[in-house]
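Chemist: With these hints in hand, go ahead and build the complete structure from the sequences.
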Amino acid sequence: MSDNSEKLQKVLARAGHGSRREIEGMIAAGRVSVDGKVATLGDRVELTPGLRIRIDGHLISLNASTGQICRVLAYYKPEGELCTRSDPEGRPTVFDRLPKLRGARWIAVGRLDVNTCGLLLFTTDGELANRLMHPSREVEREYAVRVFGEVDEAKLRSLTRGVQLEDGPAAFKTLRYSGGEGMNQWFNVTLTEGRNREVRRLWEAVGVQVSRLIRVRYGDIALPKGLPRGGWTELDLDKTNYLRELVELAPETATKVAVEKDRRRMKANQIRRAVKRHSKVNTGQRRGGAR
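Numbering (numbering that gives the first Met the number 0), first residue to last: 0 to 290.
To be clear, the hints were calculated from the coordinates, so they are not data collected in a lab.
Keep in mind that this is a model prediction, so the values were computed, not measured.
Beta carbons: idealized from backbone N, C-alpha and C, even for Gly.
Heads up, some of the hints might be wrong.
As the list claims (entries may be wrong) - Beta-carbon label-pair distances, calculated as ranges:
1. N183 - R136: 28 to 38 Å
2. A153 - A253: 47 to 57 Å
3. P77 - G179: 14 to 24 Å
Unchecked claim - In silico DSS-like pairs for lysine-lysine, Cα to Cα no more than 30 Å straight-line:
4. K255 - K224
5. K6 - K99
6. K238 - K224
7. K6 - K238
8. K172 - K238
9. K255 - K99
10. K255 - K6
11. K99 - K9
12. K238 - K255
13. K255 - K9
14. K172 - K154
15. K224 - K99
16. K238 - K99
17. K9 - K238
18. K172 - K224
19. K36 - K6
20. K9 - K36
Modeler: This is the structure we're talking about:
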């Protein structure tokens, strides 16, 4: 194998066929073959014109690794949706409402549990998803959390200094009171890792229950204002490249976001502002005449 070879899961992830973790699971289950031979973990491939890779017997496209544009969606996950591609019980999943793709698929950047809502990012670039999720990158996540129970200064200090969970010590990077009274209070907290139910488990470790949890930010990407639950919006080139550069990937030079659509939205906003100004002027004139 030449120096141009790459790990199989990295090639497939970059081509948009899943995150590295998902693809490693496929390989371990014997679902991936290379040139007719069942692949094993650790296999490397070289991208040559005759390369044939199959998943579940289906020949897959590697076009994404040689020029498909990296796309990123911001999705407002509602409570009750699962972060899985399909559910045997037929429950709704976060993939159900996303726009359909040809030759690629959406990959979730991390997970939110079924009772958590808020910002969930999706991308067509498996390598981008993998790096954004990896703990070594320490990408900050912010949550708005409503808690029920007595919260005192000692508990707040414990949550920022560290408490012992079943999978090791953990702490909030920042913790800020944001409203509420009595036994129901809101806080904004940040973490730089994505352990399972970590926000809830941290509060539970100090005897406080989480009654509402919303992810409001991932890195510098905030939950878009006005985005309805179950709604999505595609990130523009600047925001996509912010995420890529955050994890040391080369910036994109093209986008699928329609400039015409953005212009129409800008024009509509300009019209609304002009109508509002006109209304204020007329109101002022009427008041002046009434005096």
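Chemist: Give a verdict on every hint.
Modeler: Verification of the hints:
no.	hint	result
1	N183 - R136: 28 to 38 Å	holds (34 Å)
2	A153 - A253: 47 to 57 Å	holds (53 Å)
3	P77 - G179: 14 to 24 Å	holds (22 Å)
4	K255 - K224	holds (21 Å)
5	K6 - K99	holds (28 Å)
6	K238 - K224	holds (15 Å)
7	K6 - K238	holds (28 Å)
8	K172 - K238	holds (24 Å)
9	K255 - K99	holds (14 Å)
10	K255 - K6	holds (28 Å)
11	K99 - K9	holds (23 Å)
12	K238 - K255	holds (13 Å)
13	K255 - K9	holds (24 Å)
14	K172 - K154	holds (15 Å)
15	K224 - K99	holds (24 Å)
16	K238 - K99	holds (22 Å)
17	K9 - K238	holds (23 Å)
18	K172 - K224	holds (25 Å)
19	K36 - K6	holds (16 Å)
20	K9 - K36	holds (18 Å)
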